[in-house]
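Colleague: Single-letter residue listing:
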Amino acid sequence: MATAVRSETHPEVSSYGEVNRDILKLLGRPGRGYFILLAVVISLVGLGGFAWATQVYLGIGMSGLRNPVGWGSYIATFVFWVGIAHSGTLISAILLLFRAHWRQSIYRAAEAMTVFAVMTAGLFPIIHLGRPWIFYYLLPYPNQRQIWPNFRSPLLWDVFAVGTYFTVSATFFLIGMIPDIAAARDATTVPWRKRLYTILSFGWRGTNREWKHYTRAYLYLAALATPLVVSVHSVVSWDFAVSIVPGWHSTIFAPYFVAGAIFSGLAMVITIVIPLRKIFGLEAYFTEKHFDSMAKMILLTAMIVTYAYVAEIFLTWYSQEPSHTWGQYIYGGLQGRFWWAVGIMLLCNSVIPNLLWFKRIRTSIPALFVITIFINIGMWFERFVFIVVSLAQEYVPWQWSGYTPSWVELAILVGSFGWFFMFFLIFLRVLPGVSIAELKEVLPPPLRSRSRRARATGGTEA
Amino acid sequence: MRDLSKAGYLGIFSELDATVAAIEGLRKAKFKELVTFSPLPRHELEDALDEPQSPVRMFTLVGGLTGTATGFALPIWTSLDWPLMTGGKPIISTPAFVVIAFELTILFGALSTVVGLLINARLPRTRPTIVYDPSFSADRFGVFVVPPAGREAEAKRILEESGAVEVREQAEEVPSGKA
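Protein chains in written order, with this note's numbering: chain A, -4 to 457; chain B, -5 to 173.
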């Protein structure tokens, strides 16, 4: 249609009504494939749950943790999931403040990913406890034990940082969905959905008063979430950096953790969005431009992460003081018993992302899918390397040791993926998985001149 | 621009500039009680209505500062209440407590922003929906006007002349429980 004005980011979407139809289609009755997938992920949760029950019943000895490796797969997985969470807030909050117009279609899925990833991450410190039933000792409340938690401990900072992160990102997620849930409420005819959406939409009807306060509130929430993204992974890094373990005691940890978190999180967004786009036919909403932009950010953060590795290795060599940087563990690790873990980390995080320098690869969906899966694997191994290798080779050589994750730890790791995807799959079918109101902001608004012209040419643009 | 509890006229529009024309026409004719509906926030509508700045930012500021104060007060008070002596280090360890203060600033700031939103936007709404059309969440805009006695025909005419697809006469909206 010659008269239609096209959106820059979504050239194939022409009207507001079309957005509602396309996005609300996601909330239809799911097919058999969906239920099979849901059954698979729930059984993974069951497997993880069984493994954890075994560990609670028989004791923490069921894990592979032995002196000196007191932190292993659980803590690595905790850091991994917190990292995954970060790009959701990056896309929804930081890119909102920067007015990046390619965020609109992606951000809802990324934000959901944030909330569910924090919910997954939060389980791991508790799983890691020898006596998980007294985890509430971490909370500062007046109690008959007459003691308070130690606020000088980084582990307590972590409780506050992750707790705040979960609360704020869940709030941001739910508040951001109000206008879209109202749209779903107005379109649905299924009784349980109607009732659910009526409650969750808070009675929203899009009046000028509602929009005025809503847009301001949303902006302030984004402004608060932005420093939170940076602070949470910094605090997680201080769990390590504030201790005196030689491989951890490094000032580079905080910036390096934040870059790594965004790196892994963006990779996870792409890994999730590609099948989503394919299954629900949302090609008009997730365009090449979106993947290209995200791939560029992955490339940037991959370079930062690689720079951190190189800087550490260089400082280790140049200072001739190997005991204070974990570069020793990258360099030394390659020759030691964890050479395979260090190798996977370097290959996936520093070598493979270089393919993204080429535009043809950045816009190729299958290539991106494969590369981002490698990045996800690489980032898990990175956490494994700096936690386990540092502990396995701390202080004097006679106490060095190895570490092999037990079946319990591996089952819980697999279960955590099931737990995460279980929530994500349920979310996709219950709540609008792509923002409706915000997508309309990047479409050209309906104007009288345009509808007149459309009528004259016999089009149906209204 | 008060609530939607009185009887009036609801004009439904399919174009943004027609909606803006209706708002401007009504404002020019000194109709005070206007409410607009839209599927997305548009600056054109905000500018046409020319309303004061939203007070939500004060909620954010006060909430954030309360969080900072709490974030310092809680660790200081609990550390003094049960002093943990470690290596002669100060009981009130300010650098460590900055982390707690930072996190609580954001937590309290965000939660009070939400409270500010709910109070100012009058949400959640418990009245039954009368002045509304389901298309307002899809692709239509709406202008609702409560005309003063005797000027009903004029209000209706302005809505129609601006290009409304439909103009409805809306009955009074009564709070639930009294209906």
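Fair warning: there could be bad hints in the mix.
[To be verified] DSBU-like cross-link-like pairs, simulated, lysine-lysine; straight-line CA separation at most 35 Å:
1) B/K24 with A/K189
2) A/K273 with B/K150
3) A/K189 with A/K291
4) B/K24 with B/K150
5) A/K20 with A/K284
6) A/K273 with A/K20
If you're looking for bench data, these hints aren't it; they were derived computationally from the structure.
Since the model is a prediction, treat every value here as computed from it, not as a measurement.
Colleague: For each hint, tell me whether it holds in the structure or not.
Modeller: Verification of the supplied hints:
1. B/K24 with A/K189: violated, 39 Å
2. A/K273 with B/K150: violated, 48 Å
3. A/K189 with A/K291: Outside the cut-off at roughly 41 Å; violated.
4. B/K24 with B/K150: holds, 14 Å
5. A/K20 with A/K284: Since the Cα atoms of A/K20 and A/K284 sit roughly 23 Å apart, the hinted pair holds (cutoff 35 Å).
6. A/K273 with A/K20: holds, 14 Å
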